[in-house]
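Engineer: Using the hints, position chain B against chain A.
Chains as they are written, first to last, in numbering that gives the first Met the number 0: chain A, 0 to 333; chain B, 0 to 333.
I should point out that these hints are in silico values taken from the structure, not numbers from a laboratory. Some hints could be false.
The list treats identical chains as interchangeable, and a pair is accepted whether it falls inside one copy or across any two copies.
[Stated by the list, open to error] Result set (EDC-like, lysine to aspartate or glutamate): computed pairs, CA atoms no more than 16 Å apart in a straight line: (1) Lys63 <-> Glu6; (2) Lys183 <-> Glu224; (3) Lys252 <-> Glu284; (4) Lys68 <-> Asp79.
Number of protein chains: 2
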Amino acid sequence: MRIPFEEVTETLKEKLIKYGSPEDYAGQVAYVMAENSLEGVYTHGINRYMRLINNIRDGLTMPKEIAGKIAGLGGYEIWDGKLGFGIVNAQLCTNRAIELARTHGIACVSLRNTSHWLRGGTYGKMTAEAGMLGIHFTNARTNMCAWGTQQHCLGNNPLVLAVPRANGDHVIADTSFSQYSYGKLQLARLEGRMMPQPGGYDENGQLSCDPAVILKSQKILPMGEHKGASIAMLLDLITAVSSFGNCASMVAKLPGNDEHSFSQTFIVINPLALGDQETFSAIVENAVNCVLNAKPLPGGTVHYPGQSMKRYRTENLEQGIPVNEGVWTDICAL
Amino acid sequence: MRIPFEEVTETLKEKLIKYGSPEDYAGQVAYVMAENSLEGVYTHGINRYMRLINNIRDGLTMPKEIAGKIAGLGGYEIWDGKLGFGIVNAQLCTNRAIELARTHGIACVSLRNTSHWLRGGTYGKMTAEAGMLGIHFTNARTNMCAWGTQQHCLGNNPLVLAVPRANGDHVIADTSFSQYSYGKLQLARLEGRMMPQPGGYDENGQLSCDPAVILKSQKILPMGEHKGASIAMLLDLITAVSSFGNCASMVAKLPGNDEHSFSQTFIVINPLALGDQETFSAIVENAVNCVLNAKPLPGGTVHYPGQSMKRYRTENLEQGIPVNEGVWTDICAL
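For reference, chain A alone in the conformation it holds in the complex:
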């Protein structure tokens, strides 16, 4: 079934208010979750809503709280999220970093004790909309093997990188450091496909391309062997120590049935404070065109990162957002 964007947003907002959220936070969270689905990131939109409600019920997300500033020096500030909505806190800190970058050229807002930010690309897009560069990252519970072991020691720790384009079609990467995301493995299992490369270990510790086997063992591989593992570990450390918050292995030891008390970092650079728009755009278009003009593999296409957002947005605004009927029934029954 497909449901209009406005109806989705209204419904999500209404239920959040029912579960104790002030109206403004409810509106903000509902809008972003609906927009994540609208732009094709179905794993981090409406499909995560029941989990958010459960986190509120379990006291892991505190709907009335919002992040507050703890300390600052120049363009660098530490904020405490008080377990408030991940979306509300992350938008607040992104906006604060953008504001700081206007006067300091570069800014870093590091946030501790916050909740899942859902789609990281949301905050990259905000930074790009402000005409600035974004380097944003979060940690996670330890859900990925380090290299050389089959034990979970690392989060997959998504990294968001954003560069604005004058036409609004920004270049935005939003990737975790596992070879395949849990969402991608689930989709392949559903469609009965093998992964083209090994994505994890089976129960006997052998490398496997079978998504069902990997999802069962939960032993997912970092991408690029030790390389992805190294970057994931360092991003975790940088966000944790720059916020004086939890690293992934500390998050993993906290009580509660789901993820909470993450650390997140929002770095914003303001190049147009020091140079002109024309040169800036010429550089970006050179790189974008190099990719767009490449010859695709037979039957495929070549994209720049973030390119598909616009297509999904246009289609889903026109036709409504595709929603799983069971998921929607559960939400409406709240």
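Structural biologist: The following block gives chain B in isolation, referenced to the frame of chain A:
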């Protein structure tokens, strides 16, 4: 053969002076290149020296030049490298970013028109030695396929992330975004080994695990399929637009037989300006111990990133640096 660190450094310095370098730059470049080999990064130490000399001969590296500041706002500055030594420029900009982070909390020095920085970990280590966090990256000539094409559109664009430890054994990741580095493929070819996962395409466009075949086609894969390609493209864009310098596709079009005119970005965060050493160290040790205590795969070990540096350093200081005889003969004959 093995040669003492001091002898290597003296020889490299002496030849650089002969090729037109002022004594101080020569000493700095010689020390870093010798240290890269000393710490086990043989691909980016002595083995690259003849290529550096050739770049000086060809006018691609200008041994008398050094980077100068172009513009600045708060913690953010743009510098122009004037094609000077990559090592001299990168050390200058790292130190400048560290200095700026003392007063601004966070700093970003973006450098354009510079030369190859050799081992990125050098600059991560400098930042960690100053007790700060480093996020440093460079672009490259387009040497990697974008996802969905077999054409080179992207650089492998190394990223360096550094976190200090109180005991001096810092956690430092220094990785490019190809599935395997050219150095690793060359080593596997030499040893007659296949790669455990596909690392590129063969001449007919099929995925291949054979390092000889991949090195012949030069069609190396990004790690994590589209993920590594996305990050590589964005890092390239961020460094190019924040320095108003060249992106990878612009570097690829420049004249000359080798790489030059890169963009590089040095971001430094100063957490100890806002928090205490004890809490900082507790977070870092928690993450490090989570990895070190993991059960290794049979016959293997589990490391944190950068851990092997110290072992190589100790061994090579005692026994001398392993040097290829042909390479050393060529250098001595300069």
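Engineer: Indicate which option fits the pair lysine 68, aspartate 79 if close means a Cα-Cα distance not exceeding 16 Å: within, between, both or neither.
Structural biologist: So lysine 68 and aspartate 79 pass the 16 Å test inside one copy only (6 Å; across, 36 Å).
Engineer: When no copy is named, should lysine 252 and glutamate 284 be tagged within, between, both, or neither for a Cα gap of at most 16 Å?
Structural biologist: between (46 Å within a copy, 15 Å between copies)
Engineer: Which holds for lysine 183 with glutamate 224 at a C-alpha limit of 16 Å: within a copy, between copies, both or neither?
Structural biologist: between (18 Å within a copy, 12 Å between copies)
Engineer: How do lysine 63 and glutamate 6 come out at 16 Å by Cα distance, when the copy is not named: within, between, both, or neither?
Structural biologist: Close neither inside one copy (24 Å) nor across copies (66 Å); limit 16 Å.
The structure shown violates just one earlier hint, number 1.
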